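J.: What follows is the residue order along each chain.
2 protein chains.
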Amino acid sequence: MGNTINASIITIGDELLIGQTIDTNSAFIGQELNKIGIWVRRRVAVGDVWDDIVNALDEESRISKLIIITGGLGPTADDITKPLLAEYFGGKLVVDENVLAHVKYLFEKVYRRPGPILERNLKQAEVPDVATVLHNTWGSAPGMLFKKNDAIFISLPGVPHEMKGLMQEQVIPYLLQHMVLQAIVHRTAFTFGQGESMIAEKLVDFEASLPAHIKLAYLPGYGMVKLRLTSKGPDKELVEKELLPYFEELKTRVSEFLVSGEDEPLEVVIGKILSERNQTVATAESCTGGYIAHLITSVAGSSAHYKGSVVSYANAVKQDLLHVNEETLRQFGAVSQETVKEMAAGALQELKTDYALAISGIMGPGGGSEEKPVGTVWIAVAGRGNVITHKLNLRFDRQRNIMMATANALNLLRKFILTNT
Amino acid sequence: MGNTINASIITIGDELLIGQTIDTNSAFIGQELNKIGIWVRRRVAVGDVWDDIVNALDEESRISKLIIITGGLGPTADDITKPLLAEYFGGKLVVDENVLAHVKYLFEKVYRRPGPILERNLKQAEVPDVATVLHNTWGSAPGMLFKKNDAIFISLPGVPHEMKGLMQEQVIPYLLQHMVLQAIVHRTAFTFGQGESMIAEKLVDFEASLPAHIKLAYLPGYGMVKLRLTSKGPDKELVEKELLPYFEELKTRVSEFLVSGEDEPLEVVIGKILSERNQTVATAESCTGGYIAHLITSVAGSSAHYKGSVVSYANAVKQDLLHVNEETLRQFGAVSQETVKEMAAGALQELKTDYALAISGIMGPGGGSEEKPVGTVWIAVAGRGNVITHKLNLRFDRQRNIMMATANALNLLRKFILTNT
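In the order they appear, the protein sequences are chains B and R. For the first sequence, position 224 matches number 224 in the UniProt record's numbering, and the numbering has no gaps at all. For the second sequence, position 245 matches number 245 in the UniProt record's numbering, and the numbering has no gaps at all.
These are calculated hints, taken from the structure and not from any lab test. Treat each hint with caution, since some may be false.
Identical chains blur together in the list; that is why a pair holds if it fits in one copy or across any two.
Unchecked claim - Keeping only pairs whose Cα atoms sit at most 30 Å apart, straight-line, the calculated BS3-like set for lysine-lysine is:
hint, residue 1, residue 2
1, LYS391, LYS202
2, LYS341, LYS352
3, LYS251, LYS341
4, LYS226, LYS123
5, LYS109, LYS415
6, LYS148, LYS226
7, LYS341, LYS148
8, LYS352, LYS92
9, LYS109, LYS391
10, LYS92, LYS251
11, LYS226, LYS164
12, LYS164, LYS272
13, LYS109, LYS148
14, LYS109, LYS352
15, LYS352, LYS202
16, LYS65, LYS251
17, LYS104, LYS147
18, LYS35, LYS148
19, LYS65, LYS341
20, LYS391, LYS65
21, LYS35, LYS147
22, LYS35, LYS251
23, LYS372, LYS272
24, LYS148, LYS391
25, LYS415, LYS147
This structure is a prediction, so every number in the text was calculated from the model and none was measured.
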């Protein structure tokens, strides 16, 4: 890795090991460090077990110059991290007056909890006297920075929004100021509708032509494959400049399936296209049950191009709110080309948009038949005067069928808008 | 941990380290192992780097008797895992005729891809000759089992539904047959509406009364805290029997906030209550943009009690489909007690259900004002003849505001149904 700085992430908590919680913190920390040229070499999760935490600190500091620790800082008794850190770094726990004032402020003015502040919350103001305190605007558990031998250790609370705030406002600025960093540059081409293997076939000689320090990675997702080029070097601008022609060539090779030259989700791509055109869309969802609407509205500012959805889970709702004919439902069924066309037409009319996306299918595990097995999905996209439909035959479990149906529906909408001049 | 068997999970892939992918596989594997009494002691993620993978295999096999490896088995060239495993376990890659037949079957009969099968897909039938092959019904990359010294190593593809299928149909049955396992028993009490610290106060002497081998853990989530009791021993029934009175006492202590004595999400709890009562619900969502509908419909069988949603992101949709008065919107605004009451009434009338849940708020980052800052949310739940409302003042980022608003709305719905006899 040349003189790239290596980092390790240690996450603490039994809930991670028994799978009760999915670790999203590590992904966020990895992204933020990567942006400033720090390469996360290892991520380790350990339980709330003294020796296991100590071993992880020992081991990771042999490998990495930067160790980010999350979790184990809450107010309840299953947390042992703070006394452990005090002992590990040769200090003792003392009350930090600034943290104490902040804890009091939070409980009195922000949370406005009645009654006196609990002892266990006041204890959150205790920090090892060998730590540099990182102010946590978003909660009562402070971040802490330690140095030992040649390594920097940073401990953050495990609550995601507190960890995120601390990373962005404290940790990253500190690292930029105190470390000499190599630039890591990624460029990602986002393709949809073609499998990993077939795309790899198109890229055999391209990949062979890459210099040793530029890596190509395949990241398959729901219906999509992201192709990521990664390079690094001391000067970010030079690295970017060298990478650009390779990235342009990569996009040309996969142009038939290219959605975007950015690492962004379909709902963001669609939002940009609609905003440029000053157009709007509505959805009518049966089998995806609101998930398409959720993805579209998870993007800030989506109200400019998205008006809403009729989640017509029941047939009566398809009839009453989307004006699907009773006869259509009887003759062709709720999962049919005819029904999704009428759903799209109904959404277009009722929500008064430029486009409408409609979807109906059988997500499983129940509800399938010989003629229409689980995984049968019909999608329609309608504009003013034209409509297209597409059928999917999915073969996964319920959750994955919902994700795949949603991704395919959004991609069909994207293509329809682009060809609709 | 007594004579509990320890396991380590190693996940392979740069995409995990740079945070492009969130690791959901480890959580699933942790859950499945835990159910059969295997304790995951460590989880480690490393990149597609030969030495780092070898080091992880060395290290984890010193700690654990079982090492589960995921990732690095796809058809594209960034994957180095299979040759590495062959070398590490002292074998060489050979074509497995059963896997080859399965790959051909998948590409010819299931995926139905035109043209001959690609060389890179046929290569997926190559496995180290020292491996026991685990048949992957769901994809072309087989699972592989190795033994070295005293440890069992199992390598699984990283595609979640393939990994899940292999875990459930191959790995777990193998482990049950070949290992002498201690029972681990968890019981989880799910509370809503009270913070971690306040709940801990109620449990100080309860926690002190627990025998050393029974652990209490606090797992805070959106608006909720899950309280998990864990015990273990050679006989599952005895462990369960010993744990039960402690669990009953725990539930009594937190009865005011108790949602469920199972580790299940709110949408499952609500589904059960509605099914018991043979009643139905509909939703009218503005700020949550379909996320409530998505959660409810992610549960198989939800069509029995859920009819659908009007995602009225635009005010015009609130008027046209939910019959919110123009005057109400003008006088009180879209985010107001009056508007959500009318939204709920409109949903009840249009979707013809026993209950309707309506929500409207400002999720940020834009759209706030002095009077109604970002995080202001109004919720209404209506039944036949009565309606309740609730206001939230959230203070997080957009994503977290959506999650928190959804959790609070579902809990209000749950409470309303339970008090509505």
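J.: What hints, given by number in increasing order, does this structure fail?
T.: Result: hints 3, 6, 7, 8, 10, 13, 14, 15, 16, 19, 20, 24 and 25 break, sorted rising.
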